[in-house]
Amino acid sequence: MGDHNNMKILLITTMISSYPGANTVGQAHLHYSPGTYIIRVPDPVVFPESFYMRCYEKGIDGIIIMSSGSDCPYEGAYRRLSERVARVYVQMKENGIDPSRLKLTTICTVCKAAFLKEINEMQKNILQARADKEGVAA
Amino acid sequence: MEEEKNTQSEENESEEIRVGVYVCHCGGNISDVVDTKAVVEALKKNPNVKIAKDFVFMCSDPGQKLIIDDIIENNINRIVVSACSPTLHETTFRKALTRAGLNPYLYEHVNIREQDSWVHKGENEAATAKAIRLTAAGVEKIARQDPLEPIVVNAEGHVVVIGGGVAGMRAALALIKRGLGVTLIEKGDRLGGRALELDRVYPTEEKASDIVSQLENAVRAEKIDVRLNCEIELIEGFVGNFDVQIRGKDSKIDKVRAGAIVLATGFDHYQPYEGEFGYGKSPIVVTLPEFNKLIADMPQSDKFTYKGKDIKNLAFIHCVGSRQMEGVHQPQADGRVNDYCSRVCCTATLHTINKTLDKFPNLNIFDLYKDIRTYGHGHEDYYEKASKRGVTFFRYTDDSIPEYAPSSNGSGATLTMKDVLTWNEEVSIPADMIVLATGMVPRDISNLVGMLKLPTGTDRFLQEVHPKLRPVELANNGIMIAGTCQGPMDITESCAAAGASAAKVSILLSKKTIEMDPYVARVDEAKCDGCKLCLAECEYKGALFMAESYAHVNPALCVGCGACVAVCPPRAINIAGWTLDQFDGMIDAISMEELEPATVPA
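So the sequences go chain by chain: W and H. Using this note's numbering, read the first sequence as starting at 1 and increasing by one per residue. Using this note's numbering, read the second sequence as starting at 1 and increasing by one per residue.
The shape of chain H in the complex, shown without the other chains (with noise of 0.2 Å):
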């Protein structure tokens, strides 16, 4: 196997190296199991190390002097710093060498609490040892380190919201008070989306039309740019320089720049296929939305009506097209199943059998459900009242799906299943009316999330950086997500997205320009022999291309997710500050031998 040589770029080449390795003992979290002093020694030994010392909080003030002090007065140029996650005080540390007058950058923390001295209590040599062998990785790292500038680009300040439902509109509204430009593109012939369907919403029993009139009250008074009737034809461009080319009913095309965007495009709801619980050829059968749609202008009465049919038995059946399993449940049009929960129909649902008891206090109705999943702050309370009301429930599982079977004369049905309440005793329900409770299916904007390349989950909904530390950001920069086009969710919960990307977007656009981590791909010319194999691994159109012979990155539109990285020959590419080269000296560290504690004066 060949050995890749191990050296600073050209860049720092003639600078001597001169580190600074900082070892905190976070008031003896760390120093009660690591021997802070031992890692010191030890590092000394380093040739690249010109100080080395411990000291009892490193993030405090005078923690933070040591440093400072020692970059201007010995010269140092590299620092390490020994200490807790870097999640936690890396920025800190960036500071201070900024303020220290060198680049921020040039700096690198070792984790020696969480996952050091925190997970190997009682085995202090043990510990001693990965805390030198990693702080001697750090080293190497940042010995291989350029100083860095973060990306700057001009930013635009005006954002392009696509979907004209509620998460759009409390986007913009929140945005345009934020002092943003923002235009809101619709591509219905009115605002307001899904929630034009519905009638009263959970739980605040508000009429939706309500809600939706509010805000696109709102939304014209504060003057915002609103194409209705409107689709997106192409956008090109980055973060804070997006190009919008916006088709019109007319196939006119008109051009929006834009600092950022925010997707909300919604949801599609599951539509049953034909025969599913008997969905399509009897005329008894409907989805929870059409049922909805039937009852809103019902007026109360004794009796319910339907298709000049006297219902007694109504009966409500969940997870129609969510949780499918493989093997019992038809594939969807791509092959798989809808594994996930769509979390909104169980309260839905119980809100739909609460109110039609409202109208309709005669009727026997029966829920049919895998699991009750009411989640929200007070949404157990439609489950509790209908319990009350005499609702039955029957709990079937994935072994025991409810059976339909029609009546012989055509105007009723039979539900047989397997009964976990009843300790798998097998029950036929009969039912003149059957609501299929459908969840939400993402809806179909493959012309967006093949032209912006947008990551998808398995459940081929968007799909955010992380859950809970980047819940409306895709990895795609500048472009946010907004309610259900993430994943399934209430009027609630889309709302807060929406005020959680309006959040985002303002932080991004707030000054002219949008500083960026540099950590993105960069290409050493010099090296590069324009083999091209790099193209074809880049995902994000734009941020890979060739010219004069050898590879450029936009750094705008790079990710740094490193793809292109692993397939060149000569290392000409690497992401910047996570180079090859670097990792390749971190396992040098880690493997090596010689900075044991036994070889370390006590």
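So here's chain W without its partners, still in its complex pose (with noise of 0.2 Å):
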């Protein structure tokens, strides 16, 4: 727990289904790492990519992007955020930072083990990532 607690996940949730299904893992008491942070946000298209590169130099170690996907209410929103979401991609790798430290996925109100398995793998890709920079097997 203690390598948990020693990273920072910032959760970018929608505040019509992502934001209430922590709000549902939370009400069940599911326990996940303290080393979350949630913010809300109407869609997560409203940022550029520079939002995610300053996130990850102020010392944010992955962030997931809980998205309503496919069921997103907002024509063209989800099309463009996993567009925008890959050019993030190749500028992590100009920058040296592992792709696997941002996931873009689809989560729901409802969706409490989704919700958790994504904290779960986001926690074991950090972990792995610091393994590989420092030259050892996690």
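Derived by calculation from the structure, the hints in this document are not laboratory data. All of these numbers come straight from a predicted model, not from anything done at the bench. Keep in mind that the hints are not guaranteed to be accurate.
Claimed, not checked - Listed below are the simulated PhoX-like cross-link pairs for lysine-lysine, each with C-alpha atoms no more than 25 Å apart in a straight line:
#, chain 1, residue 1, chain 2, residue 2
1, H, 388, H, 418
2, H, 45, W, 58
3, H, 50, H, 95
4, H, 359, H, 388
5, H, 468, W, 112
6, H, 53, H, 37
7, H, 511, H, 255
8, H, 303, H, 355
9, H, 512, H, 255
10, W, 124, H, 121
11, H, 504, H, 177
12, H, 37, H, 50
13, W, 112, H, 121
14, W, 103, W, 133
15, W, 58, H, 44
16, H, 468, W, 117
17, H, 293, H, 307
18, H, 453, H, 541
19, H, 504, H, 255
20, W, 117, H, 121
21, H, 249, H, 223
Got two chains here, separate frames each, mind docking them using the hints?
What follows is the structure in structure tokens.
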């Protein structure tokens, strides 16, 4: 648990879908790492590539974008978001940031298991990325 | 990487930021895990925070009074409450700010219960550190917040309902009974829609024609403005003020002004392609709607005769055109398969089977299904009844879809499949006639979808904002959906959806003006260099446009998605209340180390 608490994971949630989903996890009193920080937005499409890069620069270890996926109520927003995330991956590689530290996923209001799974997987990815950087196996 | 300067806007630049922070114990729900006093002490170090307090129940009257008193007596001009989820009490505290004379949008609600204390039990120190960072992030966000005002537009007390089926008529009646004017537009030459095709309907066994007549009589009695043989030519405007152009049979255009629109455009039946289970090649293969029409007026008899031939063995096949799988089924015109469940066809099929046996008790009926999904109250009874009446059920999988083979003399057919119910035994079922339980597909309303930029789901039906939280609203303000334009549903469900849509519209148009949340795009004209990059991102016609060399937003048309924000290099365009500078401030707070609990006095 100690390693997990030493990491900061940013969860970008949508007000209509994954933010209530995170509340559902809370209402079920399910446990996850306290190193996770949830922010809510109308839609993650609002963030430019530079926002993500700045997060990493500031010390955020991993970012999970919990979008509404193809159920997004805003016309064309999910397509734009996925295209932007693809461009962020390119910038991450160029800046030596492991792309596994960014994940675009879909979480709804009742996706408790998926919510926890994404956090667990991101924790593993961050540990692996740290180990790779230090040249040792995770 | 360049650092953007995080400053409040010019609007509040001259004002001293005086944030009050209030941390709720929630009667122990939070304070049993989070050290609320440590959060208060940590936040007191923030230069923007003038007052920080903790209290047992912030949502209680004494809790709200703490805030109101501090606003009035200590000139606090921004409020952060760290407590439960904002979905529970954000409105409560905004109202408290209003009572204290402060703009209600100068408020930030931080969730340290559902997303902290309840999920980090036993990790009190880490949960407290998280609460400090989250609260600090709330302070950073609200420090960059300008006062906002709700968007107010005039509201026309009239509604256009598009589609004169059961859902459209029910919506129209509910609306007119709430005092709103209604224009009901139907492209056919009479009201009733798909219900006109039906005989008796489950679960009441009423005649569909009686239901339609009752509704139509009520519509006429209420003197609803009904337009038959009409189609939508153009819709312009925005919530409260839609201009609807209606084209009549004579091509004459009439205009109606409406405050809101209800879409009740209905569905189409799935049409099997030629050769699908023999459909179109053999006259003995028909769809369920065709079969229902065929037997509707047939009298009870010992014999069922179709096209001059005695039918002894009748087979039904479920899920034709529904729950399709890529690589297994032929794709639709857009290249996609119908992978959704059409929901109503299982009950509709079993209802028809029982009705058929009522008329022709000597028939052998075979029912070939993938799953039986009789989801509604009392629907399972049709399955039970059919089982007891000797219907033989076979269950197939996508690996073994029934194979149709016409008999050599062309008068019948054999269906071959592996039956799951008999441990995958291969069975050959003789059929004198085959009924395909076809599902619902979205009606082609591409003119409306394109005109209004309506969201559609992967199933191509219109897509609500949220299936549970906002089930009859589209993201487009002022446009509601009723019935099967949203997805497969039966008449009962369509009527419920119509009632819900009418209720939503009634609330929206209950006053002469509509107040909307101000969370839409806003342009800082001083920063906008007129590059027009934002225009290409906006999907909503008229929401964003250029004038006087900079971008302008029509707040009534903007849905606040933020697609335009991400492409603006100088950050001239932002969603009010959710600016990129605010998010940067939040990230700074989440990232910082100096507010660790260890640094907080005991």
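- Proposed proximity, residue 177 of chain H with residue 504 of chain H (alpha carbon, max 25 Å): Measuring from Cα to Cα gives roughly 14 Å; hence the hint holds.
- Task: For the pair supplied as a hint, residue 58 of chain W and residue 44 of chain H, confirm whether the alpha-carbon distance does not exceed 25 Å.
- Result: Satisfied, since the Cα-Cα distance of roughly 23 Å is no more than 25 Å.
- Distance restraint between residue 53 of chain H and residue 37 of chain H, which requires alpha-carbon spacing of 25 Å or less: At roughly 8 Å apart (the allowed maximum being 25 Å), residue 37 of chain H and residue 53 of chain H satisfy the hint.
- Query: Are residue 359 of chain H and residue 388 of chain H close enough, with their CA atoms no more than 25 Å apart?
  - Reply: Holds: residue 359 of chain H and residue 388 of chain H sit about 16 Å apart, inside 25 Å.
- Can the restraint linking residue 468 of chain H and residue 112 of chain W be considered satisfied, given a maximum Cα separation of 25 Å? holds (16 Å)
- Restraint check for residue 50 of chain H with residue 95 of chain H, where alpha carbons must lie at most 25 Å apart: holds (21 Å)
- Proposed proximity, residue 58 of chain W with residue 45 of chain H (alpha carbon, max 25 Å): Judged against 25 Å, a Cα distance of about 21 Å means the pair holds.
- Message: residue 512 of chain H and residue 255 of chain H were given as a pair; does the straight-line alpha-carbon distance stay at or below 25 Å?
- Response: Holds, at roughly 21 Å.
- Query: Going straight from one Cα to the other, do residue 468 of chain H and residue 117 of chain W come out at no more than 25 Å?
  - Reply: Holds, at roughly 23 Å.
- Is the hinted pair residue 293 of chain H and residue 307 of chain H satisfied, with a Cα-Cα distance of at most 25 Å? holds (15 Å)
- Distance restraint between residue 37 of chain H and residue 50 of chain H, which requires alpha-carbon spacing of 25 Å or less: The hint holds at about 16 Å.
- Message: Does residue 418 of chain H sit within 25 Å of residue 388 of chain H, going by the straight-line distance between their CA atoms?
- Response: Distance of about 23 Å is within 25 Å: holds.
Violated hints: none; the structure is consistent with every hint.
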